[in-house]
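Please build the complex by placing chain B on the supplied structure of chain A, with the hints as guidance.
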Amino acid sequence: MTTVPVEPGAELVPRRSPAAAARVAFGALLLRDLVVLRKTLKEFIPRTLLQPFLLVFVFTYVFPKIGQGVGGASGESEFSTILVAGVVALAIMFQGIQTVALPMVNEFGFTREIEDRVLAPLPIAMVAIQKAVWGSLASLLSALLVFPIAAVVPATPVHLDVSWPVLLTLTPLCCYMCGALGLFFGTRFDPRTVPLLFGIIVIPITFLGAIYYPWQALEPIRWLQILVLANPLVYMCEGFRAALTDSPHMSLWVVYPVLVAFSVLFTWQGIKGFTRRVVS
Amino acid sequence: MGPAVREWEPPVTDEVIRTEGLTKVYPGDIRAVDGLDLSVGRGEIFGLLGPNGAGKTTTAGMLTTRVVPTSGTACVGGIDVVAHPVAAKQVIGVVPQTNTLDRSLSVYENLYFHGRFFGMSARTAKAQAQRRLEQFRLSDRAAQPVMALSGGMAQRLMVARAIMHRPATVFLDEPTAGLDPQSRLALWEVLGELHREGQTILLTTHYMEEADALCDRLAIIDHGRLLALGTPEELKASTGADTIVTVQTRPDDLDRLTQVLGREVPGAQQALRVDPHVVVQVRGADRIVPQVFAAAERAGIDITDVSVAEPSLETVFINLTGKDLRE
Chain A
1 MTTVPVEPGA ELVPRRSPAA AARVAFGALL LRDLVVLRKT LKEFIPRTLL
51 QPFLLVFVFT YVFPKIGQGV GGASGESEFS TILVAGVVAL AIMFQGIQTV
101 ALPMVNEFGF TREIEDRVLA PLPIAMVAIQ KAVWGSLASL LSALLVFPIA
151 AVVPATPVHL DVSWPVLLTL TPLCCYMCGA LGLFFGTRFD PRTVPLLFGI
201 IVIPITFLGA IYYPWQALEP IRWLQILVLA NPLVYMCEGF RAALTDSPHM
251 SLWVVYPVLV AFSVLFTWQG IKGFTRRVVS
Chain B
1 MGPAVREWEP PVTDEVIRTE GLTKVYPGDI RAVDGLDLSV GRGEIFGLLG
51 PNGAGKTTTA GMLTTRVVPT SGTACVGGID VVAHPVAAKQ VIGVVPQTNT
101 LDRSLSVYEN LYFHGRFFGM SARTAKAQAQ RRLEQFRLSD RAAQPVMALS
151 GGMAQRLMVA RAIMHRPATV FLDEPTAGLD PQSRLALWEV LGELHREGQT
201 ILLTTHYMEE ADALCDRLAI IDHGRLLALG TPEELKASTG ADTIVTVQTR
251 PDDLDRLTQV LGREVPGAQQ ALRVDPHVVV QVRGADRIVP QVFAAAERAG
301 IDITDVSVAE PSLETVFINL TGKDLRE
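Which chain is which? The protein sequence lines are A and B, in order. Under this note's numbering, the first sequence has 60 at position 60, and the numbering climbs by one with no breaks. Under this note's numbering, the second sequence has 294 at position 294, and the numbering climbs by one with no breaks.
There's no promise every hint is true.
Here are the simulated DSBU-like pairs of lysine-lysine, each with C-alpha atoms no more than 35 angstroms apart in a straight line [stated by the list, open to error]:
no., chain 1, residue 1, chain 2, residue 2
1, B, 126, B, 236
2, A, 39, B, 126
3, A, 42, A, 65
4, A, 39, A, 272
5, A, 42, B, 236
6, A, 42, A, 272
These are computed hints drawn from the structure, not numbers from a lab.
Okay, chain A solo, but in the shape it has when bound (with noise of 0.2 angstroms):
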């Protein structure tokens, strides 16, 4: 590609036409938080990696080597081969909410660097779905370094049977999913209120999210299996189930649909509260 450099008057006229102003800096967006993660990759890698790392090394490795396996003894690989597809689904969440909505509270709150980004020339809806994209490129990234530890950590075998049209679609589904989250989070909480998020929302999301156990296991607590329906983290750990393993899992007819209806509400949700928070 060979540009000309042009020195720029003082543009009293625009120079593009809206729309192409806006997907160059929607672009230019997108390598700004590029170069970010490339500057602090030192910090990105362990926090992606650590907690997943300790969540199968303790379930699939300690567990069985201290005799205290889950799902008994002959259901110890059964429950290795369950728990890949929720920690897959796991780092995913994590990612979203970690890129997204972290340094998105404090843009808004005390630095103010949202201001600056909101007077790019792209519609104000733009700048808050760019975050959104940011966060499911970073969880995407996220879910290629977890998987290897999910299949290689456990001491019992990983029974893999991956279904390759389900996982392609449905990674970047869960991905856009949880970078939504991130930023319908990000503009709800400030720097106060977000410890909250944690202690109330993303605890009850990991520990009530179909994780270590496929949702229909719950038939026997009915009321707890309806309730955590209203959790779109069981939807991602079916899918995912579907995706990489032959083990039980919710039908796909609705996994996909209710993951796309997520999508929708948190992109409509986190670009009005992004709105609202830029512009009076």
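For chain B alone, kept in the frame of chain A given last:
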């Protein structure tokens, strides 16, 4: 990508900023800006002067797409900023009141990415960023994190960033508030330099010295309304006075002293109580200080301090509102 093609043609005009009946009412019927009509020409430094809470920042916010007007219109370069915010954002640069530099990036990267956001190629953004760093004497800081900059340097970097994409107009909101005197002078120099390059600038300030020193024209506003408009010289001449005497006495005597001086000092056009002083505006009087003392003496009032000065924008503001700009 070939040479820039203008796919979108707004009207060409030499009037860079125009507002008509611009009004912002916040919930609770707070009229932050009330029917403001402004026009700023190409290459002007235009000032919005007024006390804190006068509506200056809200006005700048409406012109820069951040505040949605309740009624009226705001145009930059002939583009209606409410109807076409993305087109408008391409032709404006903003230096906000607070430091909004990107803390995750270095000094150089702040400029480079700003250029990229505004559609510069990597090569142009790099060249322009380096040029601006030199112009603003920040080259030796290029690789540092922005957190390492002093207040004055951070402010210069924000100005450099705002003009990176060569906007039709730059908005500076209280650019020197909180800066030490030396940094303030350095920033005035930078703005003067930009002015000589033909950059249109709108700045808000509550420092009358700043408005006087920098602005070609200014609007004095209070309670969201335009009170006066003109060059600093026109505004000062409008007071009709050539000497301003500021007199201090015991608080109890302020009212009486105001009456006495207004009545008895030769050439006094008016005397106003502006706590904790009495301000007398005089035209064509000699030996004014003895006259003031004599008048006070006759009324049996003790004077503790007297100072004499030429009319300033402060005088204009006091005449318009009956209060001090610093209040």
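Quick rundown of the hints versus the structure:
Taking the CA atoms of residue 126 of chain B and residue 236 of chain B, the gap is about 45 angstroms. The hint is violated against a cut of 35 angstroms. Taking the CA atoms of residue 39 of chain A and residue 126 of chain B, the gap is about 19 angstroms. The hint holds against a cut of 35 angstroms. A C-alpha spacing of about 32 angstroms is found between residue 42 of chain A and residue 65 of chain A, which places the hinted pair at or below 35 angstroms, so the restraint holds. Using a Cα cut-off of 35 angstroms, the hinted pair residue 39 of chain A and residue 272 of chain A holds, with the two alpha carbons roughly 31 angstroms apart.
For the hint pairing residue 42 of chain A with residue 236 of chain B, the CA-to-CA distance comes to about 61 angstroms; that exceeds 35 angstroms, so the pair is violated. Straight-line distance between C-alpha atoms of residue 42 of chain A and residue 272 of chain A comes to about 34 angstroms, which keeps the hinted pair within the 35 angstroms bound.
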